[in-house]
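Heads up: the protein sequence lines correspond to chains V and A, in order.
Take any residue in the first sequence, note its place counting from 1, add 233, and you have its number in the numbering used here.
So in the numbering used here, spot 7 of the second sequence is number 6, and the numbers just go up one at a time.
None of these hints come from the bench; they were simulated from the model.
Any given hint could be a false lead.
Which bits of chain V does chain A cover? Going by a derived footprint, with three or more residues having C-beta under 8 Å, they are [claimed, not checked]:
(1) 237–251
(2) 271–278
(3) 307–313
With the Cβ distance kept under 7 Å, some of the chain V side facing chain A (calculated, not the full set) [claimed, not checked]:
(4) M234
(5) E256
(6) I261
(7) S266
(8) L318
(9) R321
(10) V322
(11) D323
(12) G325
Computed from a prediction, not measured in an experiment: that's the story for all the values here.
In this text, a Cβ means the ideal position worked out from N, Cα and C, and glycines have one as well.
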Amino acid sequence: MNKSGLIEELSRKENLTEKKAAEVINLIFKGFSDELKNGGRIEIRGFGSFVVREYKGYTGRNPKTGKNIEVPPKRLPFFKVGKELKERVDKGK
Amino acid sequence: MTKIDIIQELYEKLNFSKKDAARIVESVFDIMKDALARGEKIKISGFGNFIVKEKKPRRGRNPQTGEEIVISERRVLTFKSSQVLRKSLNG
Chain V
234 MNKSGLIEEL SRKENLTEKK AAEVINLIFK GFSDELKNGG RIEIRGFGSF
284 VVREYKGYTG RNPKTGKNIE VPPKRLPFFK VGKELKERVD KGK
Chain A
0 MTKIDIIQEL YEKLNFSKKD AARIVESVFD IMKDALARGE KIKISGFGNF
50 IVKEKKPRRG RNPQTGEEIV ISERRVLTFK SSQVLRKSLN G
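Input sequences plus hints: build the corresponding full structure.
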């Protein structure tokens with residue numbers, strides 16, 4: 234399922250125009266991105282949570298050439314699946 | 000940020016009533032959860048992909064007792080953030 238699939242299903246389920254459903258979906262994921270950009274945390278009950286993890290920079294080595302490379306500090310988004318969804322996904326097996 | 004904040008945004012920016020906004024937000028996550036429970040992948044361009052992975056059974060150890068145990072096969076949900084999102088966090 235991609236974003237348009239999600240929009241379509243939301244529009245059908247909630248009797249919204251596709252335009253309105255697209256606005257809802259875009260607002261949600263734009264809000265998620267902005268929150269993470271600001272270093273904030275997102276917690277959706279029954280679904281999961283997103284946090285930003287900070288990684289320090291370090292000097293690495295290219296294993297092929299043996300050259301030293303500086304890996305700069307970085308921030309990465311992380312998703313932790315909620316208990317209810319975790320169990321549902323596993324039961325689907 | 001929680002569902003409450005999303006409901007507030009839908010109310011302020013898209014002119015839904017709070018009651019409708021709350022129902023719609025539940026619907027969005029229900030649709031996603033149902034798809035993932037069926038083992039489907041969800042791709043949100045600009046944000047990331049939610050992927051269901053099949054894990055084979057493997058040997059593990061109870062870290063408390065040191066006892067060897069078999070970790071059964073399972074399905075787990077993973078999230079791979081999009082390049083766009085990762086870039087925006089490091090801009």
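Evaluation of the interface hint that places V:L318 against chain A, nearest CB under 7 Å
holds, 6 Å
Check, residue by residue, whether the segment 237–251 of chain V contains three or more positions whose beta-carbon lies closer than 8 Å to a beta-carbon of chain A, and give the verdict.
Satisfied; 6 residues make the cut.
Do three or more residues from the segment 271–278 of chain V put their C-beta atoms closer than 8 Å to C-beta atoms of chain A?
Our answer is that it holds, as 6 residues pass the Cβ test (under 8 Å) against chain A, meeting three.
A closest beta-carbon separation below 7 Å is what the hint needs, so does V:D323 meet it against chain A?
holds, 5 Å
Given V:E256 was flagged as interface, is its beta-carbon under 7 Å from a beta-carbon of chain A?
holds, 6 Å
Does the closest beta carbon of chain A sit nearer than 7 Å to the beta carbon of V:M234?
With a closest approach of 5 Å, the V:M234 hint holds.
Using Cβ atoms only, decide whether V:R321 comes closer than 7 Å to chain A, and label the hint accordingly.
holds, 4 Å
Hint status (Cβ of V:G325 to nearest Cβ of chain A, threshold 7 Å)
holds, 5 Å
Given a cut of 7 Å on the nearest C-beta pair, is the interface hint for V:I261 held or broken against chain A?
holds, 6 Å
Could you check if V:V322 really has its C-beta closer than 7 Å to a C-beta on chain A?
Constraint on V:V322 satisfied, holds at 5 Å.
Would the hint on V:S266 be counted as holding, given a Cβ-Cβ threshold of 7 Å to chain A?
holds, 6 Å
Verdict on chain A covering the segment 307–313 of chain V, criterion of 3 CB contacts below 8 Å:
holds (count 6)
The structure shown violates none of the earlier numbered hints.
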